[in-house]
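Engineer: Use these hints to put chain B with the ligands onto chain A, whose structure you have.
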Amino acid sequence: MKLLTLNFLTCARKTCKSAPSSFPLHPREAELEVVQADVNLAFLKNILPRLMWGELRTITGELGLPTLPDTAPERSALFTAAAAVSETTTPGVDPEAIDAPEHPAPVEEPEETPTQTAIDLHRILLETCIKEGKLVCGNCGHEYAVKEGVANFLLPGHLV
Amino acid sequence: MLPTPSTSHVCFDRVYEPAEDSFLLLDTLSTSSEIAFLHNRFAQANSKQSTPPLILEVGVGSGVVLAFVAGNTSRIFGRNDILTLGTDINRFACQAASETVRKAIKDHDPSLFLDVVNADLASTIRANSVDVFIFNPPYVPAELPDLSRHDSFNVLSVGQKSTSFEQDSYLLELSYAGGEDGMAVTNRMLEQLPYILNPERGVAYLLLCAQNKPEEVKQRIRDWGTGWVAETVGVSGKKAGWEKLHIVRIWRNSMA
Ligand SMILES: C[S@@+](CC[C@H](N)C(=O)[O-])C[C@H]1O[C@@H](n2cnc3c(N)ncnc32)[C@H](O)[C@@H]1O
Ligand SMILES: [Zn+2]
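Those sequence lines, one after another, are chains A and B. Okay, so the first sequence: first residue is 1 according to our numbering, each after it adds one. Okay, so the second sequence: first residue is 1 according to our numbering, each after it adds one.
Here chain B stands alone, though its shape is the one from the complex:
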């Protein structure tokens, strides 16, 4: 087992607490088959002088997943010159996750942490720049929170010492509520994905739950065009034959 990052400094009243979904991502990224896939694509030994890969996690929450990757780069990628970047719509999560990643790098592999920026999905990321994309989205079929209050809930207002109960509830709702089929946020992200992913070596890991209809989602991705592949590479919570959570790996096979 690779070391799991410490999140003891994070306040889980307003930032998503690592749960089964988060741990499924950690487990999947450390299976021998994923390590073999990622080494083959990125390891220094296989591609002398290849440029440092950029890992982007959208919706970092506590930062547990990004910190896991940043702290275990030599085991996962076979190199340490890995760049990590995160986004979250929740500013409190951005601050918490930065701390989590910094700690993991200090305690484990010395990879290169950029920043966690407060953004909507990957809307601010340059085209073709992402080598490894990771997203554990808000996937529960539940009504999306009313975003018109976001600006006031996303910060402590002047003189406010801690977040209000209403504010915390809103921020946690953002972390799980996924609209119709739990796919409203994920669908928007999938639209951006081909634009930000590096066309040659880009690969994405996306978490889905059974209610998201993973088979349909994968088929839609394959229909993006020639070369696009989407395969389940991790599952957890088997209930009566229904795998509750899936990790889907999305990438492009080169036309060679």
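Looking at chain A on its own, in the form it has when it is part of the complex:
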């Protein structure tokens, strides 16, 4: 189960819906795996406003992953626009310099290269998966099991 999925889930119990602490669900005793996926830069740029960054930061902290910055990266920090057709950005070159006036930025769909910030974000959101473990509600304490990557949110009859 991908970490980005947790951005859209809460505790399944009706009585928890109105409690702010039912989101996000907290991973416990999680075994992680990295599943490689292609970087979709357009997606990364557009998803930023939909990310609950503080909650994501909590989750990655609980998983023992490297600490995320306090605030989400800026859209502009995710890519560098490559100047000419075959020119690739040399590492260490100031991205600002590439956007210099002699290389006017293309209006539509410029050749863009994801920055390390984008690649790191991609790794966290879409490549880091919970294989085994539990997801715990911060309000009622109910534990949902994740087995072989599939999370089980079915509640026993008396909790529905």
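Think of the hints as simulated: they come from the structure by calculation, not from any bench. Among the hints, erroneous ones may be present.
Below 30 angstroms or equal to it, Euclidean Cα-Cα: the simulated DSS-like pairs (lysine-lysine) are [claimed, not checked]:
| # | chain 1 | residue 1 | chain 2 | residue 2 |
| --- | --- | --- | --- | --- |
| 1 | B | Lys103 | B | Lys161 |
| 2 | B | Lys213 | A | Lys14 |
| 3 | B | Lys106 | A | Lys147 |
| 4 | B | Lys106 | A | Lys131 |
| 5 | B | Lys103 | A | Lys134 |
| 6 | B | Lys244 | B | Lys213 |
| 7 | A | Lys131 | A | Lys45 |
| 8 | A | Lys14 | A | Lys134 |
| 9 | A | Lys131 | A | Lys147 |
| 10 | B | Lys161 | A | Lys147 |
| 11 | A | Lys134 | A | Lys17 |
| 12 | A | Lys131 | B | Lys103 |
| 13 | B | Lys238 | A | Lys45 |
| 14 | A | Lys131 | B | Lys161 |
| 15 | A | Lys17 | A | Lys147 |
| 16 | A | Lys147 | A | Lys14 |
| 17 | A | Lys131 | A | Lys14 |
| 18 | B | Lys213 | B | Lys238 |
| 19 | A | Lys131 | A | Lys17 |
| 20 | A | Lys45 | B | Lys106 |
| 21 | A | Lys147 | B | Lys103 |
| 22 | A | Lys134 | A | Lys147 |
| 23 | B | Lys238 | A | Lys134 |
No experiment lies behind these values; they were computed from the predicted model shown.
Structural biologist: Relative to chain A, chain B with the ligands alone:
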């Protein structure tokens, strides 16, 4: 015709096999009128820098519908940064459907598949988060299976190599039996729908059969309050003037 996903890896002894209802959803989502509606709402060209839409399918079964959407995002929505998420009460379906969606994305459009979670309807989905909702429910008027056995039937028990006949029958019953008027499961889902749907751009596609009394269901949805719209946008199996299967599109007209 847009490509239909491959489900050759799915074991149909315990997961719903794509049928007329599934294909009616695929056909409806690829009609020019639905494509125009969805482009107007979601296409990048129409809404620069709008956030990636989240597509939720409840009751994915084999995953054929969700995979169809995930593999044809540029044709259907006019963009590829689409997120897909599924749920099913049947754990075997969750696993099968994930595979179906992954394959479709690899072979066709590179959209973004999240997961299929084992859940009751959309009970675990955050409020206001769903942009496109899809549900082909268990709609047959038939007694609901006894859910008290669900936990033991939903997994292979230790040492068990394959599912038992009884287990398979139970899991398939879950895929079609809809209780009174075939509406018991759908009614529960309709209760959750306004809560999970994005108030501005959310839209739902729901399959109903004639026995579900689609006209009454649509009227009930319109009665949810101002702005709510429910219209039939696809039909199949005309029998003596009775459209057997209907796809109802449910959305809110903005108060502009
Ligand atoms: C008619 S089948 C549709 C399968 C697939 N979407 C298709 O169109 O081929 C209904 C699906 O809903 C699932 N289902 C039934 N009750 C459910 C519930 N309460 N929550 C989630 N899924 C449910 C069944 O397991 C089954 O996979
Ligand atoms: Zn809870």
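Engineer: State for each hint whether it applies.
Structural biologist: Going down the list of hints, with the structure as the test:
no., hint, in the structure
1, B/Lys103 with B/Lys161, "26 angstroms, holds"
2, B/Lys213 with A/Lys14, "28 angstroms, holds"
3, B/Lys106 with A/Lys147, "24 angstroms, holds"
4, B/Lys106 with A/Lys131, "22 angstroms, holds"
5, B/Lys103 with A/Lys134, "28 angstroms, holds"
6, B/Lys244 with B/Lys213, "10 angstroms, holds"
7, A/Lys131 with A/Lys45, "27 angstroms, holds"
8, A/Lys14 with A/Lys134, "20 angstroms, holds"
9, A/Lys131 with A/Lys147, "6 angstroms, holds"
10, B/Lys161 with A/Lys147, "17 angstroms, holds"
11, A/Lys134 with A/Lys17, "19 angstroms, holds"
12, A/Lys131 with B/Lys103, "20 angstroms, holds"
13, B/Lys238 with A/Lys45, "46 angstroms, violated"
14, A/Lys131 with B/Lys161, "22 angstroms, holds"
15, A/Lys17 with A/Lys147, "25 angstroms, holds"
16, A/Lys147 with A/Lys14, "24 angstroms, holds"
17, A/Lys131 with A/Lys14, "27 angstroms, holds"
18, B/Lys213 with B/Lys238, "15 angstroms, holds"
19, A/Lys131 with A/Lys17, "26 angstroms, holds"
20, A/Lys45 with B/Lys106, "22 angstroms, holds"
21, A/Lys147 with B/Lys103, "22 angstroms, holds"
22, A/Lys134 with A/Lys147, "9 angstroms, holds"
23, B/Lys238 with A/Lys134, "48 angstroms, violated"
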